[in-house]
Amino acid sequence: MTSSMPRSASEKRRLAAFLAALAFFLSAVEYMLPRPVPFMRVGLANLPILFAVELLPWGWYLALALVKVAGMSLLTGSLFSYVAVFSLAGTMASALVMRGLYALAGPKAISWVGLCVAGAVASNLTQALLARVIVFGESARYMIPAFLGLGLVSGLVLGVFAELFSARSAWLAGVRGRRDGQA
Amino acid sequence: MNAGPGPRFRLKVLDAAIILAAAGAFAASAVAVYGGPAPSRAVISSERGEWTYPLGTDRVVSVDGPLGPTLVEIRDGAAFFIDSPCRNKTCLSSGHAEHAGDWIACLPNGVFLRVEGESGDDQLDATVR
Amino acid sequence: MGRLERRERWEAAFSPVPLALSGAFLSLCLLFMPGLAGRAAFFAAASFAAWLSGRKVSPLAALVVIAGIVGANLLVPVGRLILAWGPLRIHQESLYQGLEKALTFEALVMVSKASLGPSLRLPGRFGSFFAEALRCYDRILERKATVRAATFFKDIDDALVSVYDGMDGTDAAPSGDPGNRGRPGDRFLPFAALAAGLAVALAVIAR
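Protein chains in written order, with the numbering used here: chain A, 1006 to 1188; chain B, 29 to 157; chain C, 114 to 320.
If you are wondering where the hints come from, they were derived from the structure by calculation, not from laboratory data. Be aware that one or more of the hints could be misleading.
Pairs of lysine-lysine residues, derived as DSS-like cross-links and limited to a Cα-Cα distance of at most 27 Å, are as follows [claimed, not checked]:
| # | chain 1 | residue 1 | chain 2 | residue 2 |
| --- | --- | --- | --- | --- |
| 1 | A | 1017 | C | 267 |
| 2 | A | 1113 | B | 117 |
| 3 | A | 1017 | A | 1113 |
Here are some chain A residues the structure puts well away from chain C; computed CB gaps all over 12 Å [unchecked claim]:
| # | residue |
| --- | --- |
| 4 | 1025 |
| 5 | 1047 |
| 6 | 1071 |
| 7 | 1079 |
| 8 | 1088 |
| 9 | 1097 |
| 10 | 1114 |
| 11 | 1130 |
| 12 | 1131 |
| 13 | 1142 |
| 14 | 1145 |
| 15 | 1169 |
Distance windows between CB atoms, simulated [claimed, not checked]:
| # | chain 1 | residue 1 | chain 2 | residue 2 | range |
| --- | --- | --- | --- | --- | --- |
| 16 | C | 149 | B | 75 | 21 to 31 Å |
| 17 | A | 1158 | C | 115 | 32 to 42 Å |
| 18 | A | 1138 | C | 314 | 52 to 62 Å |
| 19 | C | 237 | A | 1013 | 17 to 27 Å |
| 20 | B | 101 | C | 320 | 50 to 60 Å |
| 21 | B | 85 | C | 279 | 50 to 60 Å |
| 22 | C | 279 | A | 1158 | 34 to 44 Å |
| 23 | C | 314 | A | 1013 | 23 to 33 Å |
| 24 | A | 1165 | C | 150 | 45 to 55 Å |
Model, not experiment: these values are computed from the prediction. Every residue gets a Cβ at the ideal spot worked out from N, C-alpha and C, and that includes glycine.
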């Protein structure tokens, strides 16, 4: 398996900035979708982070996750609210689980679908635990099955979408080609 | 991961394991939360109203009756009287209520406490002192 | 006065950094404010400020969130029974805690909306990376009109190729005014912060 990482520092920065911008855009799209509970999201904005698992080194990968949270919190004006806390905890849990699984298992043993489901469930569970402390108290236990179910469903949907996109995307092929020195 | 047009996507072993684990966790939590009995709680009633407190959180509660306030403590999953304005204070030695169906009372002050929620089928139905 | 006009006036009145710092301080004050009445007052004031700032504020969305949090807290009965209507049972402490948490949650959202905006420049390397991502985001937004449902994947992919290839290292940091020159409303911000701090201190002492 060839290295997935861009070759130069400026390429890494450019790719990380692009993926962050894509995360902002998808986050804005997701913000407009109706949701039953304010901090439960489908996870569209985590797709760029999912692709970054194989495209960026650890440092830029974490920077991407942080910028995604900070950026959307600033753009939606929620940085000082619990929404940002939920977003940070969920995004970091998801990012660490996806990256960790990819590092341990590799692309031969796990696909975008498995990574997405694991990331979504980790994110939702983390947010459920925070909800227990911050807003729901003891009654958070009644939310846990819903959080897990939504994580499973959204992870499956996004994972399949990621596989379909990955199979057809000229952009992704181009980025992989650049990193392999073919551009 | 699919790297371009090529072989159709197939679920890998770890994908299936993760999906099954997530589905299992979802099912188990749904059964545990929605299928099981409600957590135990102490329901205290007097002529002034009704109060409910979960037995899982320690606290001291004051409930007003015609003679004055009766103090109820909830500690370590059980509820018991710790003070009452009645003359003999018999209620203070009426023991702990901790299982569904248990009850204690301060009759002079009209304060009744019963436990609702989880019931242990392996518990005794009642004890006589 | 329309929302966009209010937004322009708000941005002209306050510098981004002092406004953000005031918002951070007010958020902290809110977290230390004891009692439901204080938090309700904070929520009312923050909602008004958010409306005045020209940010999109949806009363319906706020009500739904508040109702959701209160409803969730009512699931665990705590305290005196104050209303029993069929299967609906409302207990005083559950209602109080639910309202307190819900009003705090929404008040923090309103404070954030009033005090933050895209014109805020974050410092350091993280800040310049964030600014570069924002510029790229603007370009993606320009391309979103070219995406049609019938050719969804292809249009998205073409947009990604176009924006990414257009980045080619020409995204130098913008020069000029970082937006931190003093503005007429800046001198009122310390008073607002002081007033909030005093209110919290008095509320704590009075308890």
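query: If you check each hint against the structure, which ones fail?
result: Hints 2, 4, 6, 7, 8, 13, 14, 15, 18, 20, 23 contradicted; others consistent.
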